[in-house]
Amino acid sequence: MIDPVQVEVIGSALSSIADEMGETLVKASYSTNIKERRDCTTALFDARGRTLAQAEHIPIHLGSLMGIVDAVRDRYPDEAIRDGDTFIGNDPHTGGGTHLPDIVLVTPIFVDGAIAAWATNLAHHADFADRTHAHIYTEGLRIPAIRFARDWEINDEVFALILLNCQVPAERVADFRAQLAANRCGVRRYRELCDRYGQGVLDEAGAALLDYTERKIRAGIAAIPDGTYAATDVFDSDELDGELDVGLELTVDGEEMRLDFTAPPQVRASLNLVFTALQATVFYAVKTVVDPDAPANAGLHRPITVDAPYGSLLNASPPAAVNGRTQCCQRVVDLVHAALAQAVPDRVIAACNSAVTAATFSGDDPRTGAYYVYLETIGGGYGAGACFDGMDGVQVHITNTSNLPVESLEAEYPLLVEEYALVDDSGGPGRHRGGMGIQRRIRAEHDGCVCNTSTTRLRSKPWGLLGGWPGASARVTDGDGNPLPGTVRTLSDGQVVAVFTPGAGGYGDPRERAPEDVARDLREERISPQTAKEAYGVESDG
Amino acid sequence: MPLRIGVDAGGTFTDVYLLDEESGNTAVTKVSSTPEDPGSAVISGVLRILEEFPGDHALNSVAYFAHGTTVATNTLLQTTGVRTGLITTQGFRDLLELGRQRRPRLYDLSALKPEPFVPRDLRLEVPERLRHDGQVARDLDLDRVRAQVRRLRDAGVEAVAVCLLYSYVSPKHEQAIGEILAEEFPEAYVSLSSEVHPEFREYERLSTVVTNAYVGPIMSRYLGGLRDALDAAGLRCTPYVTQSNGGIISFGESQRLPVRTALSGPSTGVVGAAQVAAAAGFRDVLTFDMGGTSTDVSLVNDATPRTVSGIEIAGRPVHAPMLDINTVGAGGGSIAWIDSGGHLKTGPRSAGAAPGPVCYGQGGTEPTVTDANVVLGILHQTHLLAGTMAIDAAAAHRAVEAMAGRLGMSAEEAATGIVSVVTANMARALRVISVQRGHNPRGYCLVAFGGAGPLHAARLARELGIPHVLVPRRPGALSALGMLTTDLRTDHARTQVTRLTDGAATACATAFSGLQTEAEAWFAHEAIPEERRVLRRVVDLRYVGQNYELSVPLPGGPVTEDALARLREDFHAAHERMYGYRATGDTVEAVTFRVEAIGTVDVPHAAPEPLGDPDAAAAVTGHRSVYLAESGGRADVPVHDRARLRPGHRLPGPALVDQYDTTTLVPPGDEAVVDGHHNIVITIGGAP
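Chains as they are written, first to last, in our numbering: chain A, 1 to 542; chain B, 1 to 688.
Warning: the hint list may mix true and false statements.
Said to hold, decoys possible - Quick list of simulated restraints, FRET-style, between CB atoms:
no., chain 1, residue 1, chain 2, residue 2, range
1, B, 577, A, 153, 18 to 24 Å
2, B, 584, A, 494, 39 to 45 Å
3, B, 21, A, 188, 48 to 54 Å
4, A, 366, B, 304, 42 to 48 Å
5, A, 165, B, 558, 47 to 53 Å
6, A, 2, B, 668, 49 to 55 Å
To be verified - Covered by chain B, per the in silico footprint, the following chain A stretches (three or more residues, Cβ under 8 Å):
no., segment
7, 7-16
8, 414-428
Derived from the structure by calculation, the hints contain no laboratory data.
C-beta: ideal position from N, C-alpha, C; glycine also.
Could you put the whole structure together from the sequences, leaning on the hints where they help?
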């Protein structure tokens, strides 16, 4: 049997390959969503398609990569797959993605004539803009798991078909080239590792790494008191008229965990999750509580069972639309944390802003005449914990994209950022205060600018924990503060859209908050004198 | 008799290195650092080395004085800077907190962002707005500026940072604010982003200028006080301070731009290592400085350390020219432990100086990397630091054995495991700066220093396929040595996005001529004679559409269309080396133009001594029983005294070399030779 020291050494080398692939992808790409916002993920899979190592980018992308290797193998027998091939896919319903803009490239790594591993990466292509979401056919081009390149040369015919369906084809060409370069880098590095250790040792180490993660996760679950913990919440969206009830029954039994979700039937809107998206979200949420340091590989899944009714919001069947799935994914994390809060309240945090607030601007740039698509996701409040205030204005849970610098944005797109700031008084009061949401005001600098927004917690509020108060809700307004209903509007030159993302829940009774912390929040205008009085019982002169 | 002195004031020790230019003789001394008043150890160290050095010397015979300090670094890490205010574009006062919106760790719910250096109530906005091309979209409201300046003054801030959108394109609004600050609040320490870091990406520029203001008054006071003390002690020459880019600068420049000294300590170590290696014939080098709690690694091509434009210090981006040093939180004091999945791990927790490793006998109970090396017999079994510090090898053995029991291994196997895991961590750190930057370590020499570097270097080299390891004569004082011979250097940069299409030569030439004028002014101000002036030009290039640039040198001579054509070709080649492809059909654009202004310093080279008899028997002081993983058992290994090694001595592995602050291991299958400069050069067996 391979000794644990060698497993550790090889695991470290595999992680550094995934990291290097990620750097290659970010630095060589052209679209702002990848090069600055880092909305992409790279990973190495073993021969059977199990994740060996994933670069620390975006947790939900783990779900997009799950199943892609199986989908390739279902279509192509082993003898039809050759060294230098790369396959592409993005279809949530048939394997290879959780929404259509996340396009996966997967490359077999051949050693001694056989597939030894797979280099994979995913990039969120900010394309398929200004679509509707009745079902998946209206959301963009579905690409099954098919061959994209042979001998490292992209297949012109497949590429022409894809590019014809894209609205910003020039960016796509460069981004796909960067994706191919990232996989090529992974292939080269893996082979070097193989030269050093031999494939037999790498296979053994890979299997041992998965076992290792499984042991860690099992040990973490075992430390949680046995029992069944239930949680319910509501889900809302500007695409829906009312609120939807979602629920979870989470059972801890020794070193295993079972999660049974209840959810309404899938909706005729972009908000549905395919099962891999639900799985990836659950694995993320459980890992944060059970063992944040465990490697993100396929061993993580083994002690965890996930179930949700097929054909529901949380386990959608074809042809459900899924583009805005992340809104709902964030609510799944809240449910898992709410349930585990009953067992281990010190190890979870109050509800975060629980949205992936997206604002997409598109149109014809009067400076160049070319069509542009600018996608931004805006962070918000981070839930307070047992020992700390929640962070103000960050990306939470299943995403962690960067913002686009204003100085990069305005040079590339006919838009102007008027304000980028925290939302005063949006953090839920508590012994530890919940984080504050973000406001971003963007002005169109041309006529016919189409602005799509997507968020959640518009009606409900991110909950507090153990007496903590909820954070503020989201809202979208025009330049004068009037609410803008719906998700789409066309702006003329000079018109402004202001997006306010939700705050986050507080932790513990606000009356127990240290007076100096209340005073600092007041001095820094993070809370209003009214909140100081009503929530914290502190009178101020202001 | 002109003397040169380099003083490296670290956290624990202040090292002083002295060089007599005429004779080439050198001396080194160490005094304990005085963290409360770091300057006093500097003065006492300097006076001591002058006293110890043969002959009658006083401070007024010192012709060159360079100083490396951790004052700025420690101020940043311990967040002990001054109360700082910020003036920024209306709508953006929270940018300092929002940063890039990312949280620091993906899965760790309790990992929080660092507190910003300027609290929210001291971040004040002024109405004004530029567009990306520098056009004024909204005029600066001067009355409002005046009111905000008074507010900061009344709030008792000591430093003010100013950062407006697009100030790198047009600094006019920032300069106007600077003038009002000078009128209304002349005692404030003021930093303008257009002076500190005139480059694009507003958050990184903001974080940098705020950092500069936050440490500015501290560095100013420190260097001002030290300058006075050195003057009083009789120093006649201009003292210099080291910067993160590996060069030195006058105290005055450093007081204005302290952010450029934020990582000066490790950088001169790299410069020293590069010089020692170059003198020994190795121009392509990986440096490996492994200390007690952390390890710094970097890459040197053609005797020139690689530079980068910025890094994060404790979660805050700081952009300034600096050597590309990758620091990992693992060293000799790193604690070994078994995690919940049954894997052996080392670090990031460290036993530090107190309690220290178990073998120190100061209360440490968890085994460290140092304890593992004691168990294996690689380190001395009763004493460290040349016999001045007694250790308890039995205690180390017990601690490692307890851990070994849980792994089902012998103590020696577990100790070997600890060393393997820490070596893998180091290999990963080195891959980041070599393989990930497109450089194959097989063509490099590993220069090992720091207390724990020479212990692990040969095995690390084998792991990475590196053919040679060099252990300098004085591995503990390389930073101070680097200071003696480093060049004066300052970097001027300007972001001006320019497509390198036909006809771009004029625009590029204009960009460079402005920078060259700044550089000439600096040469004059620092009184650098004509023949010592060197200008290096670099352009940060990318394909139109990309947002990350590769720095490509532009050789001297006029900026013509032909020169630009060669520059483009160099970029395609660099891109291919880095990312594996070139996009020949795509347009290349220049983003930032850079001029490195260098005032060269004469490096007096001692000639190598002739190589003598290869037999090192005369240097052997005894044998230690060492457990060698390579041969799977214990062997009696000869121990050499570094002071008795002579040029030409050959040490076939296994062999050990003890010296004051480190031990070098030559594993079985490798062979060491002592070169004409008293370096130990290990050739890794089986290497090409």
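Going down the list of hints, with the structure as the test:
A hinted range of 18 to 24 Å for the beta carbons of residue 577 of chain B and residue 153 of chain A is consistent with their spacing of about 21 Å. Checked against the hint of 39 to 45 Å, the C-beta distance between residue 584 of chain B and residue 494 of chain A comes to roughly 42 Å, which is consistent with it. Between residue 21 of chain B and residue 188 of chain A the beta carbons are some 49 Å apart, a value that agrees with the proposed interval 48 to 54 Å. Residue 366 of chain A and residue 304 of chain B have their C-beta atoms about 47 Å apart, which keeps the hinted 42 to 48 Å range intact.
Take residue 165 of chain A and residue 558 of chain B: their Cβ atoms lie about 49 Å apart, and the range 47 to 53 Å holds. Between residue 2 of chain A and residue 668 of chain B the Cβ separation comes to about 24 Å, which falls outside the hinted range of 49 to 55 Å. Coverage of a stretch by a chain is defined here by at least three residues with a beta carbon nearer than 8 Å to that chain's beta carbons; for the segment 7-16 of chain A and chain B the count is 7, and the condition holds. By the rule of at least three residues with a Cβ nearer than 8 Å to a Cβ of chain B, the coverage given for the segment 414-428 of chain A holds, with 7 such residues.
Checked against the numbered hints given earlier, this structure breaks only hint 6.
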